[in-house]
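Top to bottom, those sequences are chains G and W. Residue numbers are given in this note's numbering: position 351 of the first sequence equals residue 351, and the series is strictly consecutive. Residue numbers are given in this note's numbering: position 67 of the second sequence equals residue 67, and the series is strictly consecutive.
It is worth saying that the hints were derived from the structure and are not from the lab. Any given hint might turn out to be false.
[Said to hold, decoys possible] Straight-line C-alpha distance at most 27 Å; calculated DSS-like pairs for lysine-lysine:
no., chain 1, residue 1, chain 2, residue 2
1, G, Lys90, W, Lys88
2, W, Lys138, G, Lys213
3, W, Lys88, W, Lys68
4, G, Lys567, G, Lys536
5, W, Lys69, G, Lys603
6, G, Lys597, W, Lys88
7, G, Lys639, W, Lys88
8, G, Lys639, W, Lys138
9, W, Lys30, G, Lys413
10, W, Lys69, W, Lys119
Here is how the chains run, residue by residue.
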Amino acid sequence: MKTSITRREFLQKSLAGAGIAIAVSITPYGTKLLSAEEAAKEGPDFSPNVWLTITPDDIVHVIVNKSEMGQGVYTSMPMIVADELDADWKQVRMTEALAADKYKDPIWGRQSTGGSTTIRHMYKPLRIAGAAARQMLISAAADIWKVPESECEAYRGTVRHIVTKRSLTFGKLTEKAASIPVPKSPALKSEDKFDLIGSPVERLDVPDKSRGKAMFGIDTFVEGMQYAAIARPPAYGAKPLSFDKDAAMKVRTVSHAVPIPTGIAVCAGTPEGAWKGRDALDVKWDKGIEPGLDTASLEKKFMADLAKEGITARNDGDVKTVLDAAPKTIEATYVLPYLSHATMEPMNCTVAIGPASCEIWVPTQNQTGVLELAEKETGLKPDQIKVHTTYLGGGFGRRFEIDVVEEAVKIAKAAGKPIKLIWKREEDMKHDFYRPANVSRIEGAVDEKGRMTAWSHKIVCPSIFSRVFPGQVKNGIDPAAVEGVRNMEYEVPNLRVEYVRIDTPVPVGFWRSVGSSHNGFTVESFVDEAAHAAGKDPVEFRLGLLKNHLRAYRVLETVAEKAGWAKPLQKAQGRGVAQHMSFGSYIAQVAEVSVDKKDRSIKVHRVVCAVDCGPIVNPAIITAQMRGAIVMGLSAALKEAIAFAKGGVGSSNFDNYPLLRMADVPDIEVHIIKSKDEMGGIGEPGLPPIAPAVANAVFNASGIRVRRLPMKPETVLAAMKKV
Amino acid sequence: MISLEINGKQHSVDVEPDVPLLWVIREHLKLTGTKFGCGIGLCGSCTVHVDGKAERSCQIPVADARGKKITTIEGLPEDHPVKLAWIKEQVPQCGYCQSGQIMQAAALLAVDKNPSDEKIVNTMEGNLCRCGTYPYIKLAIKSAAGKGEKS
Chain G
1 MKTSITRREF
11 LQKSLAGAGI
21 AIAVSITPYG
31 TKLLSAEEAA
41 KEGPDFSPNV
51 WLTITPDDIV
61 HVIVNKSEMG
71 QGVYTSMPMI
81 VADELDADWK
91 QVRMTEALAA
101 DKYKDPIWGR
111 QSTGGSTTIR
121 HMYKPLRIAG
131 AAARQMLISA
141 AADIWKVPES
151 ECEAYRGTVR
161 HIVTKRSLTF
171 GKLTEKAASI
181 PVPKSPALKS
191 EDKFDLIGSP
201 VERLDVPDKS
211 RGKAMFGIDT
221 FVEGMQYAAI
231 ARPPAYGAKP
241 LSFDKDAAMK
251 VRTVSHAVPI
261 PTGIAVCAGT
271 PEGAWKGRDA
281 LDVKWDKGIE
291 PGLDTASLEK
301 KFMADLAKEG
311 ITARNDGDVK
321 TVLDAAPKTI
331 EATYVLPYLS
341 HATMEPMNCT
351 VAIGPASCEI
361 WVPTQNQTGV
371 LELAEKETGL
381 KPDQIKVHTT
391 YLGGGFGRRF
401 EIDVVEEAVK
411 IAKAAGKPIK
421 LIWKREEDMK
431 HDFYRPANVS
441 RIEGAVDEKG
451 RMTAWSHKIV
461 CPSIFSRVFP
471 GQVKNGIDPA
481 AVEGVRNMEY
491 EVPNLRVEYV
501 RIDTPVPVGF
511 WRSVGSSHNG
521 FTVESFVDEA
531 AHAAGKDPVE
541 FRLGLLKNHL
551 RAYRVLETVA
561 EKAGWAKPLQ
571 KAQGRGVAQH
581 MSFGSYIAQV
591 AEVSVDKKDR
601 SIKVHRVVCA
611 VDCGPIVNPA
621 IITAQMRGAI
631 VMGLSAALKE
641 AIAFAKGGVG
651 SSNFDNYPLL
661 RMADVPDIEV
671 HIIKSKDEMG
681 GIGEPGLPPI
691 APAVANAVFN
701 ASGIRVRRLP
711 MKPETVLAAM
721 KKV
Chain W
1 MISLEINGKQ
11 HSVDVEPDVP
21 LLWVIREHLK
31 LTGTKFGCGI
41 GLCGSCTVHV
51 DGKAERSCQI
61 PVADARGKKI
71 TTIEGLPEDH
81 PVKLAWIKEQ
91 VPQCGYCQSG
101 QIMQAAALLA
111 VDKNPSDEKI
121 VNTMEGNLCR
131 CGTYPYIKLA
141 IKSAAGKGEK
151 S
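Kindly produce the complete structure, drawing on both the sequences and the hints.
Here is the structure:
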């Protein structure tokens with residue numbers, strides 16, 4: 001259940017005495033709790049991250065400053081508040097926050113959703129907000145009954161007087177509670193008293209999403225709006241040589257045809273008018289900045305860069321000496337493709353600009369980015385701009401980018417009318433910020449006792465951060481390009497990690513699990529190859545390298561036990577394992593596969609997953625995120641690769657960029673480890689282990705070592721011929 | 001003007017005959033539960049019922065829908081076993097593809113009250129879900145068919 005309220009309305013409502021409102025501000029300098037009245041008096045530097053109100057109708061409203069893209073934050077965030085508050089879950093409603101300083105992430109200082117951080121960043125402020133409100137309600141009840149606060153307790157939406165069994169609902173206490181000062185440091189519940197946290201609470205967004213009622217960005221309608229469509233260059237950097245504006249203007253309902261930096265935009269009264277108008281432009285493009293760019297030329301460039309010396313990202317011991325002297329060395333090169341996000345909801349944005357206002361409806365992961373862009377494009381002040389975050393029909397990192405917003409604002413300005421811009425699937429696939437391709441060469445040594453003594457790992461990979469957060473590129477090292485390798489859990493005495501940055505015209509961006517989505521494959525494939533070279537069992541070999549890494553050790557041990565690692569499989573089936581830590585969570589997976597003897601297609605029968613993400617908020621959401629990430633990772637492992645041709649992207653739609661469908665989905669068991677360790681993320685970390693677990697299982701089943709993704713039948717066949 | 005019967009109501013729309021039914025439903029009539037995903041009939045997000053059969057509305061020129069009974073997710077009763085099963089099994093994540101999944105599943109159960117696993121997979125094969133909710137979809141269809149298994 002979702003309500004819509006602006007901050008101004010919210011404050012007015014709260015200040016009018018229609019309940020209690022609490023703002024919680026958490027910054028590196030401390031925590032501050034204030035009533036709405038106090039918050040309104042605060043200066044511009046005061047940035048609460050949480051607003052909570054309780055109204056006399058017994059409804060608890062939580063403003064959620066994070067984007068819902070399927071990962072469950074519209075449920076898990078209110079759960080945390082409701083538990084500390086001892087609210088009745090049925091009373092809880094969430095409202096999405098507009099883009100504003102007030103709603104910035106307390107750690108990042110920006111309002112955005114990504115990096116599997118929502119619960120990690122918001123857990124504490126949400127708990128404090130709930131606890132403060134609970135304490136105020138208890139004080140109010142004790143005052144009304146003239147009894148000590150210690151004799152009162154909150155219970156499922158009421159405050160009870162334990163001695164006399166009297167009780168009052170939260171709604172009846174709000175007027176009194178509103179006059180009580182917000183406690184400065186409210187006592188949090190002890191964890192054994194949690195009622196909702198740790199339970200598989202049903203999601204607040206599921207009923208609307210099961211009835212076709214959830215409003216996504218593409219479902220926005222604004223009075224007087226036009227539809228916009230864009231003719232885009234087929235090759236990177238291609239400029240228009242000519243286009244037929246008159247032909248476009250003749251199409252029914254077309255009102256404008258205007259060049260914008262990314263192409264030629266057409267506006268019309270209907271969506272079909274905009275697309276027909278766009279096609280009528282018949283734009284002639286030049287050949288772009290690199291007309292010869294195609295899949296083969298890109299791979300050649302990556303392979304050639306393997307010969308370059310990289311920047312050292314980690315250097316323990318003396319890798320060269322140990323490798324030179326080792327009795328047994330192994331070497332492998334892994335090749336991973338560019339990937340598309342392919343969110344089911346294509347990119348879209350709706351914009352209405354007035355003389356002193358700008359309103360934007362967009363499925364975004366990056367509210368601060370959208371707001372700053374709108375300020376720059378319109379010259380308006382932040383309080384004149386409203387950014388509405390709709391439901392996101394998938395995000396996976398794609399919606400951190402604000403390219404579609406920039407286009408929509410520019411078109412709305414040119415048209416002088418509200419516009420809704422919808423990308424067609426072909427535009428979405430050809431104009432993505434792709435998961436970077438990765439070519440890695442790894443050399444390793446094992447000694448006579450089968451111990452891993454050296455690991456030298458060179459990564460050739462484009463840089464995401466140099467475009468998105470250049471300040472985080474230190475010594476030329478892109479943190480995403482080396483993540484999962486530089487910080488691998490395995491203890492190898494001589495370990496060298498080298499990074500070769502490769503620049504191509506292909507834009508790259510965050511894609512679910514980012515660097516771990518490719519580096520998890522190379523590390524976990526190679527450690528498996530090393531285990532075989534050492535003549536050891538793949539689980540035993542890994543455990544031997546993890547003796548001082550309890551959490552990784554424990555998930556691996558758990559998954560092996562739950563999967564029945566030592567038990568025999570059906571004939572012609574193979575089992576593979578992988579473990580990977582990303583975003584603070586430890587995941588291990590075992591895959592059971594068979595390889596078709598005729599066409600070499602891979603069938604994944606069963607996946608067992610163990611996860612340690614520390615304290616748990618909603619186990620049902622954790623399980624769903626693990627399953628979902630495994631399916632997405634399996635889709636990438638078996639099917640997905642962006643193709644390039646004639647200087648641009650060749651892939652265009654689901655006919656030539658297939659995604660995993662139901663028939664290819666294995667049984668997936670998820671085991672959540674009870675852990676009191678530091679909290680980790682949950683949206684992304686389930687993805688990295690699946691591709692290597694499957695590749696390792698393919699080796700176990702067939703003796704074929706596949707070092708290239710996706711593992712299409714022809715790739716498996718080519719790998720077989722090499723063996 | 002083209003006349004259409006959608007969810008039991010008559011609608012008259014001023015569009016060219018070749019406009020895909022999807023855009024008429026979504027953008028002209030604002031029944032936004034039906035989603036656009038690929039435009040080439042390969043993702044199933046736009047699935048509606050045409051005379052009781054699950055069809056991809058992006059592949060049907062609006063003129064061809066004249067005289068037919070069209071049902072969208074909004075026209076499927078709120079207490080329809082498939083909608084209820086989707087809630088019970090907590091199927092959706094981002095939720096974008098789910099209207100299409102539900103319409104596809106509802107059409108299946110209308111003709112086969114007790115579909116086999118194989119039939120379910122074959123019928124749902126045309127519906128993509130990028131969040132990977134397939135295991136939950138399978139479970140919900142079985143649950144709606146009255147033989148739900150606990151996960």
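These are the hints, each one checked on the structure:
For the hint linking G:Lys90 to W:Lys88, the alpha-carbon distance of about 16 Å falls within 27 Å, and the restraint holds. For a cut-off of 27 Å, the pair hint linking W:Lys138 to G:Lys213 stands: about 22 Å separates their Cα positions. Annotation: proposed proximity of W:Lys88 to W:Lys68 is violated, straight-line Cα distance about 32 Å (limit 27 Å). For a cut-off of 27 Å, the pair hint linking G:Lys567 to G:Lys536 stands: about 17 Å separates their Cα positions.
Using a Cα cut-off of 27 Å, the hinted pair W:Lys69 and G:Lys603 is violated, with the two alpha carbons roughly 40 Å apart. Among the hinted pairs, G:Lys597 with W:Lys88 is inconsistent with the structure: their alpha-carbon atoms are about 41 Å apart, more than 27 Å. Taking the CA atoms of G:Lys639 and W:Lys88, the gap is about 32 Å. The hint is violated against a cut of 27 Å. Proposed proximity of G:Lys639 and W:Lys138 is supported: the alpha carbons are some 22 Å apart, at most 27 Å.
Distance restraint check for W:Lys30 and G:Lys413: the Cα-Cα separation of roughly 25 Å lies within the 27 Å cut-off, and the hinted pair is therefore satisfied. Taking the CA atoms of W:Lys69 and W:Lys119, the gap is near 25 Å; set against the 27 Å cutoff, the hint holds.
Violation of the numbered hints given earlier is confined to hints 3, 5, 6, 7; the remaining hints are satisfied by the structure.
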